[in-house]
Amino acid sequence: MKNQASIVGVGATPYYFRGTSAPQTVFELIDHAVLAAVADAGLKLSDIDGLAFFAGGFDPSMIMQQIGLDNLTFSHCVSGYGSGMAGMLDLAAMGVDSGRAKNIVCIGASQNVGKRYGQALGMLGLTPDGVFHAIAGLGGPGQAMALMVRRHMHRYGTRREAFGEIVMASRIAASTREGAIRRKPITLDDYMASPMLADPLCRLDFCLETDGALAFVVSSDERAADMPHPPVHITGAAHVGVRDWGRAFFWLNQSEDTFTTAGAGAVAKRLYELTGVGPQDIDVAMIYDHFSPMVLMQLEDYGFCGAGEGGPFVESGAIRLDGSLPINPHGGHLSEGYIVGMTHVREAVEQMRGTATNQIKGAKRALVTGGPAPVLMSGAILSNER
Amino acid sequence: MSTRSITPDLSAFEVPMDVWSEPYWHTAAEHRLVLPRCGACNTFRWPAGPFCPECRSQEVEWVAPGQGRIYSFTILPVAGPDKDAPPQVRIPALVTFEGAPGVRLVSALIDAAPEEVKIDALVEMDWLPAANATVPVFRLQNPPPV
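Protein chains in written order, with our numbering: chain W, 1 to 386; chain Y, 1 to 146.
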């Protein structure tokens, strides 16, 4: 099957600080994003015949009724929560490449009204398998991931200064980004003064909780030729589960060599094999930054440095806008907004179109990662060259 | 004077159980810790579940896992009973056991001074009453005098 799927349209709502998108419903947010993405692709709603989701998805019948979407021949959801985000692009590419649908809209949204993503472990409810986290006092993903981060620091000598650098780089990027929620640069002193929420993670290591929706139209290279924007090719997307990462921070029983990672090693390997691309070929990387240490650990998993070398790599300045591997030039989840990874795809598209706020000159290939979380994990490489 | 980690009040906490985890809780009621080991291939698994993921056997032996040791931990601020109360901390600890390779148990480390909690520190078990069960928690073994 020919690899011919590309992102041809992008739409997004504003990014709202958690809870402030009311009285809009999450479906109204999605409707806005879909309509904007379809318009950006120069298409009519009647051209849309497929939907793709992750993180459990959203009821397609509601979306069809609300915006008047008449016919679908494809509507599917990949497994995983934020972990499956980039796998949604794999799904959409499969739909287009196989001819199941012509123009597929990928949809992701979050709304923190009456609930908070930061308390997701509590939201799962108590089960015979999950009760131990509750007894221990691990109420949110960041609290559980703190155990992995401390072990990384213990094993490799990773310093909090490295986590601080990730937050500082993110804030510098967001400072010029309209619509980003946290735009004031911080110093290392500010970082060190931030209160501990789950030692060794301080408040500034936790990403935002944001309301909003984004949508991307995926179509074929051939149809893209008639559309307003140059296509952003889905060079490859991988969606991979390995048992030793398994339920991630819900489990905490990974082998030592996996416990001190972000669980992305297998997806990185498959993504590089699928695309024939290596870490040296990536010009800009959108790394899922729900918690700043997970950026450092993903950089190791994706081979930008060796296992345990993420701290020195980051502290060298490599991930800044002018560094050897610019990370999250939009400010990422730490500073721009957190809509379960979708904002990273938008930034990758803008970087590949050459229209990004903090454009990386000459960037030809972008990496987008799904979030370190229960399998399946995912990642994608997007490019403005086929 | 340091603030020692809290002992959570679990007296109203209902522990959900299933047929595979019940032996763990029945033994905990006698203040004994046991972990599940495959009856066919001797691989420990955690949490308890219907199959050995190595050999697919459903036979389980419950085994006393021996000496516990801190593998990792975090320190969480806890709101005091009122706003003038001194800040408190809760310490979730992930613990490995000498006699149960490959598995780790997470629970609260109680009555510990945060500055004394280190990776590789030895722990002993303690037991707290919950609504329908007895819950295993950890204490530092022979903590230095405060």
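The reader is advised that the hints may include incorrect statements.
Straight-line distance between alpha carbons at most 20 Å, and here's what the computed SDA-like set of lysine to any residue pairs gives [to be verified]:
#	chain 1	residue 1	chain 2	residue 2
1	Y	Lys118	W	Gly323
2	W	Lys364	W	Ser316
3	Y	Lys118	W	Lys364
4	Y	Lys83	W	Leu197
5	Y	Lys118	W	Gly157
Since the hints were derived computationally from the structure, they do not count as laboratory data.
Now for the hints, and whether the structure bears them out:
no. : hint                  : result
1   : Lys118(Y) - Gly323(W) : violated, 36 Å
2   : Lys364(W) - Ser316(W) : violated, 24 Å
3   : Lys118(Y) - Lys364(W) : violated, 46 Å
4   : Lys83(Y) - Leu197(W)  : holds, 18 Å
5   : Lys118(Y) - Gly157(W) : holds, 14 Å
Against the hints set out earlier in the document, violations occur for numbers 1, 2, 3.
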